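Visitor: Single-letter residue listing:
Protein chains: 2
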Amino acid sequence: MLLAQLGVRYERREVDVVDRSNRLELLGRLNPGLRVPTLVFEDGSSLGESNAILWYLARGSRYLPQDPFAAAKVLQWMFFEQYSHEPNIAVVRFWVAVPGAPVVPDAEIEARRAAGYRALDAMERELGAREFLVEGRYSIADIALYAYTHVAGEGGFDLSPYPAIGAWLERVAAEPGHVSITA
Amino acid sequence: MLLAQLGVRYERREVDVVDRSNRLELLGRLNPGLRVPTLVFEDGSSLGESNAILWYLARGSRYLPQDPFAAAKVLQWMFFEQYSHEPNIAVVRFWVAVPGAPVVPDAEIEARRAAGYRALDAMERELGAREFLVEGRYSIADIALYAYTHVAGEGGFDLSPYPAIGAWLERVAAEPGHVSITA
Numbered sequence: 000m001l002l003a004q005l006g007v008r009y010e011r012r013e014v015d016v017v018d019r020s021n022r023l024e025l026l027g028r029l030n031p032g033l034r035v036p037t038l039v040f041e042d043g044s045s046l047g048e049s050n051a052i053l054w055y056l057a058r059g060s061r062y063l064p065q066d067p068f069a070a071a072k073v074l075q076w077m078f079f080e081q082y083s084h085e086p087n088i089a090v091v092r093f094w095v096a097v098p099g100a101p102v103v104p105d106a107e108i109e110a111r112r113a114a115g116y117r118a119l120d121a122m123e124r125e126l127g128a129r130e131f132l133v134e135g136r137y138s139i140a141d142i143a144l145y146a147y148t149h150v151a152g153e154g155g156f157d158l159s160p161y162p163a164i165g166a167w168l169e170r171v172a173a174e175p176g177h178v179s180i181t182a
Numbered sequence: 000m001l002l003a004q005l006g007v008r009y010e011r012r013e014v015d016v017v018d019r020s021n022r023l024e025l026l027g028r029l030n031p032g033l034r035v036p037t038l039v040f041e042d043g044s045s046l047g048e049s050n051a052i053l054w055y056l057a058r059g060s061r062y063l064p065q066d067p068f069a070a071a072k073v074l075q076w077m078f079f080e081q082y083s084h085e086p087n088i089a090v091v092r093f094w095v096a097v098p099g100a101p102v103v104p105d106a107e108i109e110a111r112r113a114a115g116y117r118a119l120d121a122m123e124r125e126l127g128a129r130e131f132l133v134e135g136r137y138s139i140a141d142i143a144l145y146a147y148t149h150v151a152g153e154g155g156f157d158l159s160p161y162p163a164i165g166a167w168l169e170r171v172a173a174e175p176g177h178v179s180i181t182a
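Protein chains in written order, with numbering that gives the first Met the number 0: chain A, 0 to 182; chain B, 0 to 182.
Honestly, I wouldn't trust all of these hints.
Derived coverage of chain B by chain A (criterion: at least 3 residues anywhere in the stretch with Cβ under 8 Å from a Cβ of chain A; other residues may be distant) [claimed, not checked]: (1) 23 to 34; (2) 42 to 48; (3) 58 to 69; (4) 78 to 89; (5) 120 to 134.
Covered stretches of chain A, as calculated for chain B (at least 3 residues, CB under 8 Å) [what the hints assert, rightly or not]: (6) 26 to 32; (7) 48 to 57; (8) 74 to 85; (9) 121 to 135.
No wet-lab data here; the hints were simulated from the structure.
The structure presented is a predicted model; accordingly, all values stated were derived computationally and were not measured.
Here a beta-carbon is modelled for each residue, glycine too, at the ideal position from N, C-alpha and C.
All chains, full assembly: derive it from the sequences and hints.
Guide: Shown next as structure tokens:
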């Protein structure tokens, strides 16, 4: 979504997210975490971690505040996304909605679902008082959290008790240059 | 550790990490994730997420590279720390070493321990070729990953097969201004 909004051209190469046996061969020289997304530049250098990539691409644009404290708040939300949101909301969706995903005990799914709702509670508290997550202006913090929030329903999360999140999802989708990020 | 190395004075307030029932009351206005650490400034503003705090405090110092690509690599390692390292290495240590921590099924401990070793494998691959994680220079990426790596043994992790990590832990501890970060 950010690449589209910045007008940056790129080539996308798909990687198997179920069979990960070739990850060291495929990504070992590109990303220590052996994860996708991994961004490879034309000069062969590379960068891993979705939110580090967002930060690097957004520098100097309207999608990352210039003010250091506001930029730190953007990072705060992106670390929240990786620690409290993605491991619960995205991972539960992966387990219940992606063919071939590992079979996981119900108790673990329910524990992660409860933690996912706590992450949504945090977002709802904040978004009740502002249009976007940081200083009321659309930024990469919103992009990072929009990604798995807008498909949380596919993981069995009920967003109907979250009206502020619902209104925010609509505002994000109304941003200039917004594109669908699901197939 | 960074506050000590920067020579910044601060007051530390301890928060219960086992009984979290008062977190919304204590942190609701300060940190949407309701987690510690949360940094509160003299003007009452606040910042959550350990690595967002490190980034904000380190700006303009020798602990965060000026070059944007190197700074993005620092963030890459800090997101790796939050996604692939802390939830496995720190959380397993919490479960097995902290009195009052939740009782967790052995299978989940072992799954997280295996994931923790994969995070250590990633660090070992990188540190075999360089002195510190980003551009061979000590930075907040090293501080972020030193924290729970240097006490991984308390969680039952065996670091003896990781000689590059062992040498790096010694280099971090030899940095000017290094202080113990465990009680």
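Visitor: Out of the numbered hints, which ones does the structure contradict?
Guide: none
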